[in-house]
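Peer 1: Okay, here's what each chain looks like letter by letter:
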Amino acid sequence: MADQLLELSLVTPGRELVADKVDQVNIPASEGDIGILYDHAPIITTLRPGPLSYQKGNETVELVVSGGYAEVTDNRVTILAETAEFAHEVDRQRATVAREKAEKILARADLSEEEFKETQLKLFRAIARLEHTESK
Amino acid sequence: MPNLRDIKRRIRSVKNTQQITKAMKLVAASKLRKAQQAILVARPYAIKIMHVLNHLTARCNLDLHPLLENREGNKVLYLVITSDKGLCGGFNGSVLRRAMREVEANRGKDISFVIAGKKGKEFFRVRPQKILHEYLDWTRDFDYMKADEIADLLAGMFAEKAVDRVYVVYNEFKSVMQQDVVVEQLLPVVPEEMEVGREAGHVVDYIYEPDEETIMEDLVKRYMTVQVYRAFLESSASEHGARMTAMDSATRNAGDMIGGLSLTYNKARQAYITKELIEIVNGAEALKG
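Protein chains in written order, with my numbering: chain A, 134 to 269; chain B, 793 to 1081.
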């Protein structure tokens, strides 16, 4: 079924990372990971910070994304992420620093709800970056 | 008769200035390219966000969202985007003039400003308008995160009912030669009907995860951020375009000036030589006689 391919486009405000025809996309949705194959039902979902990967032939490409949406219609997969990087681009050192910083802030007790949420998001983002690039 | 040495000094000084303006023009040109690139790159994201929002607005109760609430009230906030640096022709002047016209037109309302850019700050320093916040030096390292921060501030004020309406005033980039000042409403959010990408009769029944409301909540804010982001990018491209044009004409003016001065210089030199010759000839004649 070589011609049954998904049209994947992954964009962030600063850059278009992927525009390609692929076999499968694995999305870190907020309610759990979902794998998108050809003829998937239309869906709109929010993303959580985590690993996104897609397969094209025998090749698998891995990325780390955070924040945003995924939309699937007519075998077009559109990922709108707030941040996204290919796994090999992730700056582990920066992520480690970010994680420590976020942890330190979260340890305080005087945070407003908003600050808490924001820092938590930063922490999750850093963790996502670190976890999914461990082996490299 | 003008002093030869003085003219020469003037020519040299104008030449120096010309070199600077020429360099600034080239720098502006390369920055403009980068800024235009940033607009192009941001466009797919903005269009897709609009697309999803359009899908959702058809299905959700819009009145529920705090950022969509269209309330009566006379507290108006303007986000005015200016540059941090000058030497860009009428760029800042036209934005600020427009902002003041808005003030005129909305007499009796409670108007306040959020200023981006040092030039705007300088302008408002001698005016009585209420400035709620300033973002200086934004041109140096502007990115989506910064836009998010600004959008957060505006959305926060709107949600707390500190303001009832938020507009953004900025230079929209048309071409290198032309930048138009526009005023756009940011809040309450008015989802723009999309012409592109909406196929006729194409209404898809989506699965929403987690659910429409949650997605909607997040999306409206994000849509607004994208609008803010775009306004800043446009403004930045306009600034470089305006500077390029201004510096180009400055370079040309300097060239004209050098031409004029050279002419005067040559004339003066010629007159000086002629005068000396006459003196010599006269002297020789006198000796002969």
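Any given hint could turn out to be false.
Derived Cβ-Cβ restraints for the label pairs, each shown as a range [unchecked claim]:
1. 923(B) with 140(A): 43 to 49 Å
2. 167(A) with 923(B): 46 to 52 Å
3. 1045(B) with 247(A): 49 to 55 Å
4. 835(B) with 140(A): 17 to 23 Å
5. 191(A) with 932(B): 24 to 30 Å
These are computed hints drawn from the structure, not numbers from a lab.
For glycine and all other residues, C-beta sits at the position ideal for the given N, C-alpha and C.
Peer 1: Is it true that the C-beta distance of residue 167(A) to residue 923(B) lies inside 46 to 52 Å, as the hint says?
Peer 2: With a Cβ separation near 47 Å, residue 167(A) and residue 923(B) satisfy 46 to 52 Å, so the hint holds.
Peer 1: When you take the CB atoms of residue 923(B) and residue 140(A), is the distance between them in 43 to 49 Å?
Peer 2: Distance hint for residue 923(B), residue 140(A) holds at roughly 47 Å.
Peer 1: Taking 24 to 30 Å as the hint, is the beta-carbon distance of residue 191(A) and residue 932(B) inside that range?
Peer 2: violated, 45 Å
Peer 1: Between the beta carbons of residue 1045(B) and residue 247(A), is the distance compatible with 49 to 55 Å?
Peer 2: For residue 247(A) against residue 1045(B), whose Cβ atoms are near 53 Å apart, the range 49 to 55 Å holds.
Peer 1: So does residue 835(B) sit 17 to 23 Å from residue 140(A), Cβ to Cβ?
Peer 2: Taking Cβ atoms as reference, residue 835(B) and residue 140(A) lie about 18 Å apart, which means the hint holds.
When the structure is compared with the earlier hints, a violation turns up for hint 5 alone.
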